[in-house]
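Residue numbers (our numbering), protein chains in the order written: chain V, 3 to 343; chain L, 4 to 295; chain S, 26 to 285.
One should not assume that every hint holds.
To be verified - Not the full set, but computed from the structure, chain L residues with beta-carbon under 10 Å of chain V: (1) V85; (2) G214; (3) P217; (4) L221; (5) F228; (6) V272; (7) V281; (8) L284.
Claimed, not checked - Far from chain L, some chain V residues (derived; all Cβ distances over 10 Å): (9) A114; (10) N247; (11) L265.
Just so you know, the hints here were simulated from the structure itself, not pulled from any lab data. Glycine included, C-beta positions come from ideal geometry on N, C-alpha and C.
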Amino acid sequence: MSSITRSAAYRGWRRRAQGLQPVRGPLGFAVTAAVFMVALSGAPDTTLMTISLACVYAIAALGLTVVFGLAGMLSLAQAAIMAVGGYTVALIALDTIGLLPALLLAVVAGAAVSGLSGVVGARTKSHYFALATLALAEGVRLVLVNESSVTGGSNGHPVALVSLLGLQLADPRYFILLAVPLVAGCAYLVHCLRKSRFGLSLKAAAADEYMAKAAGVAIDRSRTLATIVSGGLAGLAGALLAILNGYVGPQDFGLGAAVLLLLIVVFGGASSSMGTVVAAVVLTYASRGMLDLAEASGLVYGLATLLLLLLLPGGVAGVGKAVAGRLGGRIRRARTRQEEA
Amino acid sequence: MAIFGQTIISAVAAGAIYALIAVGFSLIYQTTKLVNFAHGSIAILAPYVSYSLLKLGLAMPVAVLGGVLAAAAFAFVMDRVVLAPLRTRHISVPILATVAVAIVIEAVTSLVWGSQPLYLESLASDEPWRISGLSITPNQVVIVGITGAVVLPLLWIIATTKVGRAMRGCAQDPEVVTLFGVSPARMYLLSFVLGGVLAGLAGVLIAPVTGLKPTGGLELSTIGFSAAVLGGLGSLPGALVGGFLIALLINMTQVYLSAGYGLGVAYLVMALVLLVRVRGLFGDDIEAVRQV
Amino acid sequence: MLWKAGKERPKEDPAVRAEQGLVVSGIEVGYHRGPAILRDLSLTVGAGEIFAVVGRNGAGKTTLLRALSGLLPCRRGSVRLQGRDFTGLSAERVARSGIAHVPAGRRVIPGMTALDNLKLGGYQHSRTALASALDDVLAMLPALATWGARRAGTLSGGEQQLLAIGRALMSRPVALLLDEPLTGLSPAYQQDVLEEMSKIAKGGTAILLVEQNVRKSLRTADRGMVLDEGRGVLTGAAAELLAADRLRDGYLGVGDARQA
Ligand SMILES: Nc1ncnc2c1ncn2[C@@H]1O[C@H](COP(=O)(O)OP(=O)(O)O)[C@@H](O)[C@H]1O
Ligand SMILES: [Mg+2]
């Protein structure tokens, strides 16, 4: 009885909410971003730096939600794709071609390299894709280290200073003015993808490949497209990181970063962009704290990953859902008790 | 020509070690359907433990045995503590957990033994025999001998015994095999322990050749993966052959093309196989790409 | 004397046959913490007898077999085989103690050869016992020998069904549970499977057959039960069930009658 009334009320609410649909989404993301930026205006530099990095990882992780979260394809290459974007802005003449074209170029480069893994991912099962992305990541790293005359080898490469409207982007204070709106934009983009036919086809393919194929979903195309979208966002994130640091080096894009991004997706949950962003902030903050531990950081980091996987099955979003479910159950039970009385 | 012959000889020795890694990795994959990204890291755990045992004054054979047992014990604990509780989750979760285990091992080894390379003594002499212009060391012979003595009987056991059949059946339908009295959890554990032994052996054999450093684990993993994928993921004879082929490719590249891109060839081969022929040389076509 | 070698042939006395077969009394079964699917269900399958449980989709037939083979725990009641209590044993223990389950959809291991599938069925045996079980099964189902080297995934549906039955027989079961073995087979193959079943039962094995194909299964069975929403609504000799009004109204529609 109670579930029927509840669902009727819910449907009514949905109908009213759907009238606002075209405005609600972007407006929500914009308002959140604005509130966030105002709140940050007085923060100390270290906090601003952490938030800046969180923005970078959030964008890359939002890309990864498309491949890993929606399509269930485990990619270890996302950090390497970030490197592709980062080295792109490092190696082009940033000061002459301008910021926007440079960022676009980074997006295209990231999308193209990531698309290579998509060709494998489209045809094979998940574990083969994981191996292929590992090969891609290690291959990128090898090129970066070996072609030292171009890339600077393991010493890395400097990045030209860029400013936007006269504000120096290497300063986290101004960097976030660019990064936070970009995060909001990417979050909205992924939000829309998730609701689209494309997102649905990815989810269907992840749940049951054979059924999805039988239902006429073009799995191959969807999966390749997913890696391209994801790679574009990773390229953007890598470019931003390069601009923020004024430097790129292979050590920033290793397996550790790849796992950090995967963790953000796992604990942000695949179903909400906001979850991904929140997880990015929390995990970046935590992993920055671990930098002080030097060599022990890897240990803490790896163990923390294992503990999170073992103890929080549904990620942060899952915890929210479990709490909501339990509360809902309690309310429903209370209501039936009232009705019986 | 002498360089060519010498390259082949060192490739055979390296190939034996890669084959040990690849067979162990493939064995775990064949039973659990899990890509164990910590496999190479487990391998380097063995020589690190051996190193400490040697420091304690133990004899070489005891230290080596201790290292291999430590790797197997680690694999045992990893399966019980980390992977068994994740078995009901989406396959990408346990795979991610193996990546985390690899990171933990790398951190622990560099904390305990430092990040500088360590050098272990070889099992046998590195004083070469000269045979018609080519030199072969006793150690190379020992490496190939140990690999043969361990891998060939193992392949035979897996191919012909009931436990081998049960392991193969487990990966494809864990529920149905319980109906015949097979316990999948035990098969998973067995595959991890056997994989740990093979990895540990590979570790103690390769450490004297390449030196020992915490980042070596992942490198060894990727070489092993390439070999296993080339041979056909899940095919044990394929992994054996793949190990030798990958070693040959890597050594040839290093000698004739570019020293820096030796490993790159391994990645390239893996990518090409996945693109062109997912089931590799001897893999199972039903396994790799199932049709609707 | 093909199946339980060394044991004497079951007596014709029904009480003795029941004692040597499968006795299910008052079981209640459900999934995880969900509601009970089967309630207070009892049945007896004597040695050498074919017992058919028929019912609509979702009646709980598969759930019944899963409970008997230990894949699902019984919340109440007991399962006994040859007088031994099986209640609460794990699936592996049940399999080693004389119950073989041929699951719905056959579930052969596609990447293994038919022969390896058979050998997997005899997992519990020693090497020599395995060889003799294999000989016996191949003697009983000679078709298996002809495509033994082919991979199970490449066999046709009917061939896979025979293989699944042969694989279950490899453990030399006291009781054989079959989940919808006729589904998806051509009428000729359905007949084959039913004939093999009769042969196996003659060897003294208790067979519990679960089917949607009411007419065919009851014609082959000795006794049967109609399962509806988890309860046994009608139990009796197969011939009586076939003639019962309730069954005719509820389960043997016009289409089914025409087909038969
Ligand atoms: N894994 C499961 N978890 C929960 N409920 C299940 C599960 N499998 C089956 N059921 C429920 O059990 C009931 C009986 O199913 P089943 O035994 O498969 O029926 P049948 O085999 O007679 O068609 C159905 O209502 C079904 O929804
Ligand atoms: Mg059923």
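Now for the hints, and whether the structure bears them out:
Interface restraint check for V85(L): the shortest CB-CB distance to chain V comes to about 6 Å, inside 10 Å, so the restraint holds. Interface hint at G214(L): violated, since its Cβ lies 18 Å from the closest Cβ of chain V, which is beyond the 10 Å cut-off. Nearest Cβ of chain V to the Cβ of P217(L): about 9 Å, under the 10 Å cut. The hint holds. Interface restraint check for L221(L): the shortest CB-CB distance to chain V comes to about 7 Å, inside 10 Å, so the restraint holds.
Because the closest C-beta pair between F228(L) and chain V is about 5 Å apart, less than 10 Å, the hint holds. Restraint check, V272(L) versus chain V: the minimum CB separation of about 9 Å is within 10 Å; hint holds. Given the 10 Å rule on beta carbons, the hint for V281(L) holds: about 5 Å separates it from the nearest Cβ of chain V. For L284(L), the shortest C-beta to C-beta distance to chain V is roughly 15 Å, which exceeds 10 Å, and the interface hint is violated.
Chain L leaves A114(V) outside its interface by the beta-carbon criterion, the shortest separation being 15 Å against a cut-off of 10 Å. Every CB of chain L is more than 10 Å from the CB of N247(V) (nearest about 23 Å), matching its label as outside the interface. With a least beta-carbon separation of about 8 Å from chain L, L265(V) fails to lie farther than 10 Å from that chain, contradicting its non-interface assignment.
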